[in-house]
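We have chain A; now place chain W onto it with these hints.
If you read the sequences in order, they're chains A and W. The working numbering puts the first sequence at residues 1 to 273. The working numbering puts the second sequence at residues 1 to 110.
Possibly wrong hints are sitting among the right ones.
Pairwise CB distance ranges, derived in the manner of DEER restraints [said to hold, decoys possible]:
id : chain 1 : residue 1 : chain 2 : residue 2 : range
1  : W       : 15        : A       : 112       : 46 to 54 Å
2  : W       : 109       : A       : 103       : 56 to 64 Å
3  : W       : 78        : A       : 117       : 52 to 60 Å
4  : A       : 113       : W       : 78        : 47 to 55 Å
5  : W       : 22        : A       : 115       : 48 to 56 Å
6  : A       : 118       : W       : 90        : 49 to 57 Å
7  : A       : 103       : W       : 94        : 39 to 47 Å
Cut-off 30 Å, straight-line C-alpha distance, at most; resulting in silico cross-link-like pairs (DSBU-like, lysine-lysine) [as the list claims (entries may be wrong)]:
id : chain 1 : residue 1 : chain 2 : residue 2
8  : A       : 55        : W       : 109
9  : A       : 55        : W       : 47
10 : W       : 109       : W       : 55
11 : W       : 55        : A       : 55
If you are wondering where the hints come from, they were derived from the structure by calculation, not from laboratory data. Glycine residues also receive a C-beta, built at the ideal position from the N, C-alpha and C atoms.
Spelled out, the chains give:
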Amino acid sequence: MSPRHRAGEQPPDAPDPPPGPDRTEPTSPSDQVADPPPPAGVPAARASRPSVTTKIVVALLCAVLGFGVALQVRRTAAGDTLATVRPDDLVQILDGLQEREDELRAEIRDLTETLDRLRSAGASSAAALEEAQRRAEALGILTGTVPAQGQGVRITISDPTGSVPPEVLLDVVQELRNAGAEAFSVGPVRIGMDSAFDGAAGAVSVDGTLLESPYVIEAIGDPPTLSAALAIPGGVVDTVRRAGGTIDVEQVDDLTIEVLRPARAPLYARPAG
Amino acid sequence: MYAALALVVGIVAGIVLSPTVPDWMAPYLPIAVVAALDAVFGGLRAKLDGIFDAKVFVISFVANVLVAAFIVFLGDQLGVGSQLSTAVVVVLGIRIFGNVAAIRRHIFKA
Chain A
1 MSPRHRAGEQ PPDAPDPPPG PDRTEPTSPS DQVADPPPPA GVPAARASRP
51 SVTTKIVVAL LCAVLGFGVA LQVRRTAAGD TLATVRPDDL VQILDGLQER
101 EDELRAEIRD LTETLDRLRS AGASSAAALE EAQRRAEALG ILTGTVPAQG
151 QGVRITISDP TGSVPPEVLL DVVQELRNAG AEAFSVGPVR IGMDSAFDGA
201 AGAVSVDGTL LESPYVIEAI GDPPTLSAAL AIPGGVVDTV RRAGGTIDVE
251 QVDDLTIEVL RPARAPLYAR PAG
Chain W
1 MYAALALVVG IVAGIVLSPT VPDWMAPYLP IAVVAALDAV FGGLRAKLDG
51 IFDAKVFVIS FVANVLVAAF IVFLGDQLGV GSQLSTAVVV VLGIRIFGNV
101 AAIRRHIFKA
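The following block holds chain W by itself, in its conformation from the complex:
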């Protein structure tokens, strides 16, 4: 509950403040957002499973974001940045779908 509240607060803060993203960060922000989304859905699923652990959530969140950004950074250095970021988005998208499927089974029993 408080997490959802914090999410809303964050969105409102982002809209109200709307700071400019530094250029070096621009390519990594979308990937980081998707990675964080993946972590949040995983956490929500764990919550519904009754096995939510805040510590695991925090670590997975941070690690997801960092690893995703790092992969994209590495791709940029290797000259395959756009392809690798596509790959990251695809993988994270599949995981988000899996988590959402599990959440759906919990909520709708179907």
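The shape of chain A in the complex, shown without the other chains:
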């Protein structure tokens, strides 16, 4: 028996490089844990007779180890890792989480702002588009580049003797315009800003297109107003009759003017401002 062992003075993990002959490679001094080797020849006799008490104690310690391992494994598996963390680490984790939360909140704010901006931009651009479309339609009706539909009057002027001059037709159109008509067609021609009547009685042409009797003039506007404007004494109806033609004004509830004028881009004028 080694007195060192009996006295229990040897620290269990004493750095005691074992000089044993069975060691074929150098090992760290610390890997000899429980039992530094005693002088040669002694160990066999001592190891062969452990007392019952020490056996029990060793078994008890092993059981404690197993218990501890099982306990710790269960704790770890339960995922309750935060419970074992030290307060300092907890504070650090909390700091990190709060920082992350702040970042995410800022991101949410940014994205919400962007969303609002895009939404309002989309709404205003949609409104602008709608307005532009409305204006284009109104202008298209005025210039005659889009078909027009609505209530109005259909005027049929018969001129069997060929005695109605172009001025009379021009008077008709101007009278209708004064009375608030918004779209006109004379025969197969849509009337626009730059329409012109030409020719002579019996061979009236408008915008270069020769008209044939009977001349059919369609106008969209308030039918009673248009009829009244044509029928005033000394007005269009009288003029036509004096010229030797017959005129017939018919109020129509649903008039469609299909003929179009080509759109004309202004050559010199540019939008100002």
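What follows is chain W alone, placed relative to chain A:
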């Protein structure tokens, strides 16, 4: 042999009973387990070397556990608890590796 049996009994007891670990003990339990593992591997190696002494084993076991827990406790008091427990685990891990290497040489002669 009886030690291995006791180990199994302890594991089964731990699983079956699964008591809650008191909070003050929670940081020290893993370190203590690793320290005890170190002692057990040392004992196993000594056994294979034929120089096993139960008394030395018991003392080394208890001392390992206590010292490891104490170091961690001290680290907690000094504000370097997590670093010190890492250091303890590293040191004990190296020792366990050394002991296992010796055991391996005994069993496989390689």
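Numbers of the earlier hints that this structure fails to satisfy, in rising order: No numbers; nothing is violated.
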